[in-house]
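Chains as they are written, first to last, in our numbering: chain A, 1 to 395; chain B, 1 to 255.
Each hint should be verified, as a subset may be incorrect.
[Claimed, not checked] Incomplete in silico selection of chain B near chain A, CB under 8 Å: (1) LYS2; (2) ASP6; (3) TYR7; (4) ARG8; (5) MET10; (6) GLY21; (7) GLN88; (8) ILE94; (9) PHE96; (10) THR107; (11) PHE110; (12) VAL111; (13) ARG245; (14) LYS246; (15) ALA252; (16) GLU253.
[Stated by the list, open to error] The list that follows gives simulated cross-link-like pairs (lysine-lysine, DSBU-like), each with its CA atoms no further than 35 Å apart: (17) A:LYS17 with B:LYS92; (18) B:LYS219 with B:LYS53; (19) B:LYS93 with A:LYS52; (20) B:LYS219 with A:LYS53; (21) A:LYS195 with B:LYS218; (22) A:LYS123 with A:LYS134; (23) B:LYS249 with B:LYS16; (24) A:LYS329 with A:LYS299; (25) A:LYS82 with A:LYS134; (26) A:LYS122 with B:LYS219; (27) B:LYS53 with A:LYS190; (28) B:LYS249 with A:LYS225; (29) B:LYS53 with A:LYS17; (30) B:LYS92 with A:LYS122; (31) A:LYS223 with A:LYS123.
Worth flagging that the hints you see were computed from the coordinates, not collected in a lab.
Heads up, the beta-carbon is just placed ideally off N, CA and C, and yes, glycines get one too.
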Amino acid sequence: MEQGNAIEVKNISKSYKIYYDKSNTLKDKVLFKNRSHYEEREILQDLSFSVKKGEAVGLIGHNGCGKSTTLKLLTRIIYPNKGEIQTEGRVSSLLELGAGFHPDMTGRENIYINASIFGLNKKEIDSRINEIIKFSELEEFIDNPVRTYSSGMYMRLAFSVAINVNADILLIDEILAVGDSNFQLKCAKKMQELKRAGITIVIVSHSMGQIEELCDRCIWLDKGKIVAEGTPQYVHKLYLEFMGQVRTERSEKERQLAEEAKNLELSIPKVECKNNKGESRVAFEIGEDINITLHYKIKKPRNVSVQFTVFRSDYMMCYDSRTDAQKQKVLLKGEGVMQLQLKSVQLLLGHYMIDFAFYTEEGHLINSFERICQFDVYNETTEKGMFRMNHEWNF
Amino acid sequence: MKELYDYRTMIASLVKRDLIGRYKKSVLGFLWSFIDPLLQLLIYTFLFSVILKTDIPAFHICLFVTLVPWLLISSCLTGGCMSVIGQQEMLKKIYFPREILPISFVTAQFVNMVLSFVVVFVILAVSGYGFHLPALLTLPVIMIIEFILALGLTLLCSAVTVYFRDMQQILAALSLLLMYASPIVYTLDFVSENIRKFYMWNPITRILVAYRDILYYKKFPDAINIFWGIVESIIILIIGMLVFRKLSKNFAEEL
Chain A
1 MEQGNAIEVK NISKSYKIYY DKSNTLKDKV LFKNRSHYEE REILQDLSFS VKKGEAVGLI
61 GHNGCGKSTT LKLLTRIIYP NKGEIQTEGR VSSLLELGAG FHPDMTGREN IYINASIFGL
121 NKKEIDSRIN EIIKFSELEE FIDNPVRTYS SGMYMRLAFS VAINVNADIL LIDEILAVGD
181 SNFQLKCAKK MQELKRAGIT IVIVSHSMGQ IEELCDRCIW LDKGKIVAEG TPQYVHKLYL
241 EFMGQVRTER SEKERQLAEE AKNLELSIPK VECKNNKGES RVAFEIGEDI NITLHYKIKK
301 PRNVSVQFTV FRSDYMMCYD SRTDAQKQKV LLKGEGVMQL QLKSVQLLLG HYMIDFAFYT
361 EEGHLINSFE RICQFDVYNE TTEKGMFRMN HEWNF
Chain B
1 MKELYDYRTM IASLVKRDLI GRYKKSVLGF LWSFIDPLLQ LLIYTFLFSV ILKTDIPAFH
61 ICLFVTLVPW LLISSCLTGG CMSVIGQQEM LKKIYFPREI LPISFVTAQF VNMVLSFVVV
121 FVILAVSGYG FHLPALLTLP VIMIIEFILA LGLTLLCSAV TVYFRDMQQI LAALSLLLMY
181 ASPIVYTLDF VSENIRKFYM WNPITRILVA YRDILYYKKF PDAINIFWGI VESIIILIIG
241 MLVFRKLSKN FAEEL
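Work out the full structure, taking the sequences as your base and the hints as a guide.
Structure (structure tokens):
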């Protein structure tokens, strides 16, 4: 192992046997010896990477790309078919919380059981137990049996043990949503603290925000291979563009089919998102203009008003506006295009969706189109939140 | 091996969880550890001294000193084979040396047996049967040999059962067979000379004979018998460890 590395993964391959009808009984083994049908599914192919001590690395990729398998291999729950993995120091994973908890035993007794499964000895647990109890905020209940706990309390206790075992390498599969928002904030802070303390962290997440917040480096896996590797901001830009393309191709088709079938009075067969250079894009950098072109078809000419609403992926409404509010008259006839230019978009990292709705002059809804335009925004700065607030400091 | 030592606290806490957790909500609690062997003793004594009218003197003592150690072996065969499968949730999610599961199972059962021996001693003392004190000092050695044998068997059975679930039923039947193939409800005198050559190669027999020598016949156990008992038990332990190590790599995928 190279000096200064905490994890070294060398040319590992992993495949699972997927049985069509798995059986482990004597009858089947003897009678149908050769009838075990299975398919060999390759999850990882010749994967290599290394993680330095104290580094935080994020793994991203769509479902089934092999990121969780990689994490399982690192924890040594499963073993690779080929290649080797070396790790240095104690490995702890936040994959399983509350391993070995016994419902009839008290919180305190269960801390001992759970922590011992992480490989701590009695002395080490004794020295940490107060910290663990304090972190879990369960001081009052710690000597009650765990079966009397609410599920939130149970998870809080389990999480507190897992995060306080002082591992050298911490593996996390999706930062867990444990407890109320206060407790979550505390967990996020604890992660930062662990990172500053020089603990090596490998995290699998779908939340780019979490990875950008915590990680120094990000690895994008697809079909068991590394597609890109680098700073989270750089990798996320590539990833979002790729995912956006996959998504628009799919939803474009679905929408066309649906609308043709319905034979609507007003339809929008095509939506395009372009940057100022006229290039089609699905991801934009903060501050860029987003030019949206809507291709429409209408049965008879009409004066309408148009509404557009911007949502973030969690359905937080970011902006909403209607043309009639500005006394703008819109006449639509036959087939044509309309363009919406969002100037110098100040939204921060995230996935955004736009709904369009069309109303008659009297204000009756003609048709609405939900989420027909979707795009991602990224920023290569460290700003966080929903949108950029233009500000200035004076000292 | 070193790793197992690092995880000693885990073994200790699993044993504790097993022993305390098992009776946590039952009324009689820990007393069940004593009641269970006593009930079996009652049944067999009734069967053999009242109905079958055996002429073995002090039959209940003769039976009890082998029944208690036998119950350890039997629970390791029938229950120990599930010690890995039973913890599959833990096994699929977290790393620890897999050997810990069978080790802590056997240890918990062993502690249970040692506690049952308290009852054995009480009966020996109260009934006035008495002890041979110097021979009694060799008893811990026999117990350790039995622990080695039980551990070897449990490692072997628990690993194989993961891949081959029928093992559980097979072992239940095998355990019944072994009970009558070992000197528990009868003494060695009932076994004819020409069979005894094969009969003695059963390591369980060697161990039970040693228990009976010390507590029932009140004499030192046969050194040659103990020697072969140690050899056989260690061979079984080594086989168990090798098989377990080989099979444990794929536990998480098989379960």
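Results of checking the hints against the structure:
{"no.": "1", "hint": "LYS2", "verdict": "12 Å, violated"}
{"no.": "2", "hint": "ASP6", "verdict": "6 Å, holds"}
{"no.": "3", "hint": "TYR7", "verdict": "6 Å, holds"}
{"no.": "4", "hint": "ARG8", "verdict": "7 Å, holds"}
{"no.": "5", "hint": "MET10", "verdict": "4 Å, holds"}
{"no.": "6", "hint": "GLY21", "verdict": "5 Å, holds"}
{"no.": "7", "hint": "GLN88", "verdict": "12 Å, violated"}
{"no.": "8", "hint": "ILE94", "verdict": "5 Å, holds"}
{"no.": "9", "hint": "PHE96", "verdict": "6 Å, holds"}
{"no.": "10", "hint": "THR107", "verdict": "14 Å, violated"}
{"no.": "11", "hint": "PHE110", "verdict": "19 Å, violated"}
{"no.": "12", "hint": "VAL111", "verdict": "17 Å, violated"}
{"no.": "13", "hint": "ARG245", "verdict": "12 Å, violated"}
{"no.": "14", "hint": "LYS246", "verdict": "12 Å, violated"}
{"no.": "15", "hint": "ALA252", "verdict": "5 Å, holds"}
{"no.": "16", "hint": "GLU253", "verdict": "6 Å, holds"}
{"no.": "17", "hint": "A:LYS17 with B:LYS92", "verdict": "16 Å, holds"}
{"no.": "18", "hint": "B:LYS219 with B:LYS53", "verdict": "26 Å, holds"}
{"no.": "19", "hint": "B:LYS93 with A:LYS52", "verdict": "25 Å, holds"}
{"no.": "20", "hint": "B:LYS219 with A:LYS53", "verdict": "63 Å, violated"}
{"no.": "21", "hint": "A:LYS195 with B:LYS218", "verdict": "66 Å, violated"}
{"no.": "22", "hint": "A:LYS123 with A:LYS134", "verdict": "18 Å, holds"}
{"no.": "23", "hint": "B:LYS249 with B:LYS16", "verdict": "27 Å, holds"}
{"no.": "24", "hint": "A:LYS329 with A:LYS299", "verdict": "19 Å, holds"}
{"no.": "25", "hint": "A:LYS82 with A:LYS134", "verdict": "44 Å, violated"}
{"no.": "26", "hint": "A:LYS122 with B:LYS219", "verdict": "42 Å, violated"}
{"no.": "27", "hint": "B:LYS53 with A:LYS190", "verdict": "73 Å, violated"}
{"no.": "28", "hint": "B:LYS249 with A:LYS225", "verdict": "24 Å, holds"}
{"no.": "29", "hint": "B:LYS53 with A:LYS17", "verdict": "59 Å, violated"}
{"no.": "30", "hint": "B:LYS92 with A:LYS122", "verdict": "25 Å, holds"}
{"no.": "31", "hint": "A:LYS223 with A:LYS123", "verdict": "44 Å, violated"}
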